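Going down the list, the protein sequences come from chains R and B.
Residue numbering for the first sequence is 7 to 381, as defined by my numbering.
Residue numbering for the second sequence is 136 to 730, as defined by my numbering.
It should be emphasised that the hints constitute simulated quantities derived from the structure, not laboratory data.
Keep in mind it's a predicted model, so treat the numbers as computed, not measured.
Where is the CB? At the ideal position from N, CA and C, for every residue including glycine.
Just to be clear, a hint being listed does not mean it is correct.
Here are the simulated EDC-like cross-link-like pairs (lysine to aspartate or glutamate), alpha carbons at most 20 Å apart as the crow flies [stated by the list, open to error]:
1. B:K611 x B:E635
2. B:K724 x B:E654
3. B:K296 x R:E73
4. R:K249 x R:D239
5. R:K249 x B:D459
6. R:K62 x R:E105
7. B:K328 x B:E300
8. B:K514 x B:D459
9. B:K296 x R:D119
10. R:K62 x B:E300
11. B:K684 x B:E626
12. R:K62 x R:E90
13. R:K16 x R:D321
14. R:K62 x B:D294
15. B:K540 x B:E358
16. R:K62 x B:D265
17. B:K631 x B:E714
18. R:K130 x B:E278
19. R:K355 x B:E493
20. B:K328 x R:D119
21. B:K707 x B:E654
22. B:K707 x B:D459
23. B:K384 x B:D202
24. B:K384 x B:E626
25. B:K631 x B:E654
26. B:K296 x B:D349
27. R:K130 x R:E150
28. B:K674 x B:E635
29. B:K631 x B:D677
30. R:K130 x R:E115
31. R:K130 x R:D57
32. R:K62 x B:D202
33. R:K355 x B:E727
34. R:K130 x B:E271
35. B:K268 x R:D239
36. B:K268 x R:E73
Simulated DEER-style distance windows between Cβ atoms [as the list claims (entries may be wrong)]:
37. B:K707 x R:E188: 42 to 48 Å
38. B:A344 x R:L54: 22 to 28 Å
39. B:D291 x R:G83: 34 to 40 Å
40. R:R215 x B:Q712: 47 to 53 Å
In case you want the letters, here they are:
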Amino acid sequence: MAKAYTPGLKVTARTTYRVRRLLPVTGDVRVKVGELVSAETVVAETFLEGDVFPIKVAGMLGANPNELAALMLKRVGESVQVGEVLARSKGIFGMMKTEAKSTAAGTLESISDSTGMVIIRGAKTPVQVRAYVAGRVAEVIAGEGVIVETDALFVQGIFGVGGETWGPLVIAVKSHTEDLREELIVSSMKGAIVVGGARMTAGGIRRAREVGVAAVICGGIDDADLRDVLGYDLGVAVTGSEKIGITLLVTEGFGDIAMAERTFQLLLAHAGKLASVNGATQIRAGVMRPEIVVALEARGSSEIFTGGATAGILDIGTAVRIIRDPYFGFLGTVSALPEQPAVLGSGSKARVLEVALESGERVTVPRANVELSST
Amino acid sequence: MRIVATDCGSTTTKAILIEERDGVFRQTFRGEAPTTVEDPFADVTLGVTNAVTELQELSGYKLIADDGTIIRRASVNDVDGCDMYISTSSAGGGLQMMVAGVVREMTAESAKRAALGAGAIVMDTIASNDRRKPHEQIQRIRELRPDMVLVSGGTDGGDTKKVIEIAELIAPARPRPRFGSEFCLPLIFAGNKEARTAIERIFSGEGFALSIVDNLRPTLEREHLGPARERIHDVFLEHVMAHAPGYDKLMEWANAPIMPTPGAVGDILQTIAKGRAINVVGVDIGGATTDMFSVFGGIFNRTVSANLGMSYSISNVCAEAGMDSVLRWVHLDMDERELRNRVKNKMIRPTTIPQTLEALVFEQAVSREALRLAYVQHKAFATTLKGVQQQRTVGDAFKQEEAGKSLVDNMALDLMVASGGVLSHAPRMEQTALMMIDAFEPEGFTEIAKDSIFMMPHLGVLASVNPRAAMEVFEKDCLVILGWCVAPRGEVRAGKPAFEYTLTRGGTTLAHGQLVGGEMRLVRFALGESGTLEVRPEKGLDMGAGAGKPISREVRGGSVGIVFDARGRPLKLPHTQAERRACVEKWLKSLEVYV
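Could you build the full structure based on these sequences and the hints that come with them?
See below:
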């Protein structure tokens, strides 16, 4: 039988974190192997091809497409400005000439004698890729980018919105069970990565955005509050490109749920240090989970982590988190792994396991409804 | 004859063994293993070998050689090995295409139909009249990373300008292929043949691998999708599959071209519809998408509802349908805020399964809405050709037939086939049957079946090399017959007689009764049994023979039996929550859905 792997989220006090920092198209790499970089260092840059603007010039002149080439005042490869005359009709006996002016700035790319359309290519757009974490350039991928490596505290969240950001780690609550309320956010948190305990409340998020907090990290978030922040109901968990002025990351899920105590304690131990956060989440095809990376002094961790999905095999004693009602969010350890499928309360038959909860209670849940709680 | 067939899905590779015993083909064993297209394995054949190894362990035949390849028998008398290996694939997100045409409702829609029929996911449809400005269209083309592009436009001998204009937008946008940025993007031109020279010139530069096929809309009145579909399959194998990890080996192993999974499902449903001369609707509801297939009057259509699914897209189903629409199917007390959070938790942890009855009831309510919305989209797409000038006679004036009319007619529907986790794995067959009835609202007499272990893809590709084997396995092992839905078209009056039924066999009455408006009743009629069912609808209600006219049909039994549905069509639920809940509870009890 094929082995069944159980998903888990990576939460580790120290790992060698390697991150690929690549350009969307080929360009120039600006750093060398071994070079030390900060999160803000530009490691590679390039130019993206400019936008394309089609203009129906023959139509504007009332000419046939096959006459257009003769009427053009600009040639392929020449630069044009908005309002500049591209072509002029012959008129009637040299009088009443019509002009076609450019509606876009850029370079004239093509003239079509089939359709009478002229294509203007806009200016190239510069693109820079930054290191995102402080560390050392481990590898240069010629023309594409680099791999940055650092010893780091690494916490994988379950869901986030907003892209990459970085700032000092600030703990706003006293315990992992405390909600992040409005009054806990103060103006000195501007630009910081703020850690709450349980749920990030609507007031807390609103205040964090007002203050200019870079990112908020909590155990949970309410669906309604996420909808308010985004302005729409998120249908599919593909995130990271939202322009909401803040990155939000939850470690456990939706609803009233406390951050796992171990995660909270790890973050607490590094309060004040610079943390890099990425809210980008993608559940399908090439799983991507949001992350918190706190660069540490190099000591050479033997384990190397490159992000993405993590998984392990369930065994007696394995620490798990239950990820579905009626025990959603409960933590415990595997106490039994029955071979035979069991009939669930829903009437379905499924393979199950028994979990000894932190409270001492033992519950039976489908194997599909747990994830490894610390991998 | 012994055939090994695999379907390489995004997460699981499913293998089945088909054997000819006593002159009849039967599916005998099945095995599965995780798909190995992604890192760290990056070789699809590893998953295939693992899945076939399971077949080997279960069957006792040696099917896998020491080097991991599939063993072929030299003679049918050999104990080990198989005679044929075939496969489908939807790994890595399946086949993703961008299509373009001149007029959205005409050539662009025909191009979309060709792509969908070939098993593709259509990422976007570009047309001259799609209400986007040219620079917006170009921006969109640049953002997409399709596996290939299909360009259509113009009828043969007609105006070439518009289709060339579309080509001139696509060429400078330089869309990049999804896999391997260094490869040329395959582009198929299936438009006005007079525009071919210009098209060749426009796409002659770097970045495109152009191929030209017959116009898919040679005249307004005729759609000719075959050549475009075939070319899509060829390009899928030559370019897309060739760049996916391990597929070069898999193609060598297989005795027939590897097909995109949905394309194979469409093929088997067409084979069945043709073989039995019936109209069929098939649905495959997955975690992210819902595929709908239909064959009405021999015309095949397929749609993919990209964001209607039961896990990755569950939140989108609730957002699109509205939570009120979902909850109308629920008879239990549920807290809406908690439900919304649960939906999001399922979205971010898509592999979890309902543990409690309450969770199951809610998921099945969501599935009704996902299926309903997917069917609405399908009905809107599966139409007669648009843009066709109608020549009307005096007689036609009363028929009011119009171009663009949906081909999907629930009264003419003979068979509904359900597949996909929420339907296939429902703990009780009655749940599957009722989800299908509530979502699709079949009219008259409709047989309901489910694909036992999602075998349709395998049988679709098998149909291309051995149609008899495909047909026999489909009938005997693939379909689990649930039974029949018998429902009148028309508005019923609550509590007033709706119709009478009599089920007989050889002169013996097996069941007889009358239903009133708003009622549902289940008559058990076991698998293997058959009989004659006569139904006498009340005035204004139509069971297929016309309003108020009696009708008789031969019916066969199923795991569920015969569901008599006197709720009327279109289906209307009471307005107040209390009444609605009472009704739903009554229906669930009548059909023994949750016991």
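Do the hints match the structure? See the list:
1. B:K611 x B:E635: violated (33 Å)
2. B:K724 x B:E654: holds (11 Å)
3. B:K296 x R:E73: holds (15 Å)
4. R:K249 x R:D239: holds (15 Å)
5. R:K249 x B:D459: Not OK: K249 (chain R) and D459 (chain B) at ~30 Å, beyond 20 Å, violated.
6. R:K62 x R:E105: holds (12 Å)
7. B:K328 x B:E300: The hint holds at about 15 Å.
8. B:K514 x B:D459: The hint is violated at about 23 Å.
9. B:K296 x R:D119: Holds. K296 (chain B) to D119 (chain R) sits at ~10 Å (cutoff 20 Å).
10. R:K62 x B:E300: Since the Cα atoms of K62 (chain R) and E300 (chain B) sit roughly 10 Å apart, the hinted pair holds (cutoff 20 Å).
11. B:K684 x B:E626: holds (15 Å)
12. R:K62 x R:E90: holds (15 Å)
13. R:K16 x R:D321: Given that 20 Å is the threshold and the Cα spacing comes to 18 Å, the pair holds.
14. R:K62 x B:D294: Holds - the C-alpha atoms of D294 (chain B) and K62 (chain R) are around 17 Å apart, at most 20 Å.
15. B:K540 x B:E358: Holds, because 16 Å separates the two Cα atoms, which is no more than 20 Å.
16. R:K62 x B:D265: OK: K62 (chain R) and D265 (chain B) at ~18 Å, within 20 Å.
17. B:K631 x B:E714: Holds: K631 (chain B) and E714 (chain B) sit about 17 Å apart, inside 20 Å.
18. R:K130 x B:E278: Distance ~16 Å between K130 (chain R) and E278 (chain B) Cα, so the pair holds.
19. R:K355 x B:E493: Cα-Cα ~16 Å, so holds.
20. B:K328 x R:D119: holds (18 Å)
21. B:K707 x B:E654: holds (12 Å)
22. B:K707 x B:D459: Cα-Cα ~14 Å, so holds.
23. B:K384 x B:D202: holds (13 Å)
24. B:K384 x B:E626: Roughly 58 Å between the alpha carbons, so the hint for K384 (chain B) and E626 (chain B) is violated.
25. B:K631 x B:E654: With Cα atoms ~10 Å apart, K631 (chain B) and E654 (chain B) stay inside 20 Å; holds.
26. B:K296 x B:D349: holds (18 Å)
27. R:K130 x R:E150: holds (18 Å)
28. B:K674 x B:E635: holds (12 Å)
29. B:K631 x B:D677: Within the cut-off at roughly 16 Å; holds.
30. R:K130 x R:E115: Since the Cα atoms of K130 (chain R) and E115 (chain R) sit roughly 13 Å apart, the hinted pair holds (cutoff 20 Å).
31. R:K130 x R:D57: holds (8 Å)
32. R:K62 x B:D202: Answer violated: K62 (chain R) to D202 (chain B) is near 61 Å, above 20 Å.
33. R:K355 x B:E727: holds (18 Å)
34. R:K130 x B:E271: holds (17 Å)
35. B:K268 x R:D239: Distance of about 27 Å is beyond 20 Å: violated.
36. B:K268 x R:E73: violated (25 Å)
37. B:K707 x R:E188: 42 to 48 Å: Holds - the Cβ-Cβ distance for K707 (chain B) and E188 (chain R), about 46 Å, lies within 42 to 48 Å.
38. B:A344 x R:L54: 22 to 28 Å: Given about 24 Å between the Cβ atoms, the range holds.
39. B:D291 x R:G83: 34 to 40 Å: This hint holds: roughly 36 Å between Cβ atoms.
40. R:R215 x B:Q712: 47 to 53 Å: violated (37 Å)
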